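The task is simple: from the sequences and hints, build the whole structure.
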Amino acid sequence: MGFYLAQFLTGLASASSLFLVASGLSIIFGVTRIVNFAHGSFFMLGAYLAYTFVELMPHGILGFWGSVIAASLAVGLIGVLLEITLFRRIYKAPELFQLVATFGVVLVIQDLALWIWGAEDLFGPRAPGLEGAVRILGEPIPQYDLALIVLGPAVLLGVWLLFNKTRWGTLVRAATQDREMVSALGVNQSRLFTSVFFVGSTLAGLGGAVQLPREAASLLMDLNVIGEAFVVVVIGGMGSVPGAFLASVLIGELNAFGILVFPEITLVLAFLVMAVVLIVRPWGLLGRPDAVLRGASGPPEEPLRLFTPLSRNLILGLVGLLIVAPFIADEFTVVLLTDILIFTLFAVSLHFIMGPGGLVSFGHAAYFGLGAYGAALMVKYLGIGMISGLVVAPVVAGIGALIFGWFCVRLSGVYLAMLTLAAAQITWSIAFQWQDVTGGDDGILGIWPAEWASDKMTYYYLTLLLVFGGIYFIRRVVYAPFGFALRAGRDSALRVEAIGINLKTQQWMAFVLAGVFAGIAGGLYVYSKGSIFPDELAISRSVDGLVMVLLGGIQSLLGPIIGALSFTLLEDLVTRLDYWRIIFGGVILFIVVIAPEGLAGFARKLLPDRLTGKTEEEARS
Amino acid sequence: MSLLAVHTLSKSFGGVQAVKDVSFELAAGEMLALIGPNGAGKTTCFNMLNGQLKADTGTVLFDGKELIGLNPRTIWRLGIGRTFQITATFASMTVRENVQMALLSHHRKVFSLWPRAADSFKEEADGLLDQVGMLHQADRACGILAYGDLKRLELSIALAHGPKLLLMDEPTAGMAPQERITLMELVSSIVKNTDISVLFTEHDMDVVFAHSDRLMVLNRGEIIAAGTADEIRNNDLVKEVYLGGGSTFDAGEKGAVHA
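Keeping their order, the protein sequence lines are chains D and V. So in the numbering used here, spot 552 of the first sequence is number 552, and the numbers just go up one at a time. So in the numbering used here, spot 105 of the second sequence is number 105, and the numbers just go up one at a time.
Heads up, a few of these hints could be off.
Stated by the list, open to error - When the alpha-carbon atoms are kept at most 25 Å apart in a straight line, the in silico BS3-like pairs for lysine-lysine are as follows:
| no. | chain 1 | residue 1 | chain 2 | residue 2 |
| --- | --- | --- | --- | --- |
| 1 | V | 20 | V | 54 |
| 2 | V | 54 | D | 504 |
| 3 | V | 164 | V | 122 |
| 4 | V | 109 | D | 504 |
No lab work stands behind these hints: they were computed from the structure. Predicted, not measured: the structure shown is a model, and the values here were computed from it.
Written out as structure tokens, the structure is:
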């Protein structure tokens, strides 16, 4: 009995710290509609800054809590700084751009933290006066945990009072429902948004700071916590603080007891619960169905056009160049080209559901990884050959997409993105935690191509063949009735239903198709590297795909190809540097803020009509 | 037998009875207008007919088939076309491709993965565009059309599968007065030439009186009057609850535009 109570209290203590992060995220989302990946970075900064302040300030109760408060406020100010310099410029941008921009911030902050605090984990002090444990029903409960259990509801109360008893709170709640109306009533929106960012990031900083006595400050904190915080916010209802509290307790307890019942799949549990909640109540436990969201979306995409004769010849020339490449380039270049080709197929498959499909997927790495793991597991346990492995890869990925897609297409916008993310996290958790089967963190090794294809050049040609086949097929599908119906559904869901098209089925099948081709890319990848690790399914791999698509330009079919090429080349160049993340993050931010139409869109403006097939009308506009 | 037979259709939202015991019939080749003040229940009625809303009670027989319980897709396949108050078209396609999309769906080709959509049913699409006077703009992007042209395009999309009945929710909303007349004359001529039936809601009384064979007046969810334009003009109850003083409906007065 006492053991279960202790477990329950541990769950509550974790819930408190989770709640602090999630409530801040929820508040920021409620008003600005930005799903802020960088919120995890605020949490991490809170922990690091608290560590620094504790070192600087006199030791003791006052010094400790003074440091915690100072760290929270400092994070709040960092939030304000980011809001003024960056987020303010992207409030009107499509959701996808915002998500990716905040991920860029994550990368930049990671490297800044690495630069300031170093790569070592930093162990903070225990909280003075709360070092001991209290015995409850015979079980020792850390005093600090009890303090956290009190802190959570106290902050909830404070936030509730702030929102319901102050003029500021009334304005924020009004803006959560209809921000256009609030600004029409003469409220200074920018100041309101900035202050919301301050409150939200201060809470995240507080969450990180109070975590210090329980967990060492490390560079992995940001992405670890943001996954859980997203889960909590989605379960609780985006924009609802009491919802965030309820969901934090739910997830905290789920983790505390889940580890007793299913130690193998604790990481999956939270995401499974989130998926169930999204399906049953898409707007969360205490959230409201769609708040009013107005605002300009970009100009409509131009109609699809075929290649002009000149551009067709150029592309054929490029293909010819790729065919002769192994004869003129060294082996290193051939391997790099193989990588580029694989990621091009990955990016093109993602672009297929995001561009023509209009479905933002934040978890496309799941299908890449499913393909890779599917083939690798079959090789490991059944000893199948390479050709069979390359057939298994898309089949496994396609089945995964069939299952996840069925749920995902029922949602739209941010919620869809969150569910695709949850799906990817579920597959990642399984690969990471189910060590007996997947090898966990150690991955699966020794997946080599068949004898005849083991030479780098032969494997390059095999990749070239499959990737070009895949890209050509996807391009045909986009121009075929299937792709047209998909695009039609993106343009006007109302109209496609009114001309007899079942949009959900159309999107579901597109999801599967994209999954299949990502799976082929995954299969090619595992054989080219000889191994596979859970990283290939992680959030950062999904974001890689998104950045490729954005970098190239989402409105162009050539976009993902150009994007994958420049991304992989850039990655190859900068990952050799110590601080490559900051460069990468910088590139992402640059695209989102300065060149949202991507490289292909940018080039289109400059290139002559003979290449782009622009009509006179467009040329004039 | 009438083409459409609606019997005691009702719908309430919470405590509000939006539509109450609405019954009417529509003959083949007839243009029937549904009018009424804001909040009378016109759009609710419409949305139940095309399957976007589920009726609480009542039956809707189209060509002898029950429509209640079917979704909009199935109802469309039975031969009912629809235009919306705010046009719903595919902005990233050309004008012709918009119509081709409807034709592809009609011929059940939307899962076809290989042939080019832009080459499918081209003549048929051009014929439909010609019918509404949009052929000369067939290759333009839909996203840059003027609103009046979008309305005409939407009409040709709605006609693509050769429907027997066309539901038009405020077909002239948001258009300039001259465009309204042109569009409704176009609809009238199509009705005359093809024997299609049209049920439409409308705020512009000039349009209603000039182009409907029959009118129904809806108020607070109930039909309070039905008949020809003259009968409705002279109906005292209609004058009282809907027309106010009735001056707007003097036959001679032109250009009274209601938003």
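Handout entry: Violated hints - listed by number, lowest first
Key = none
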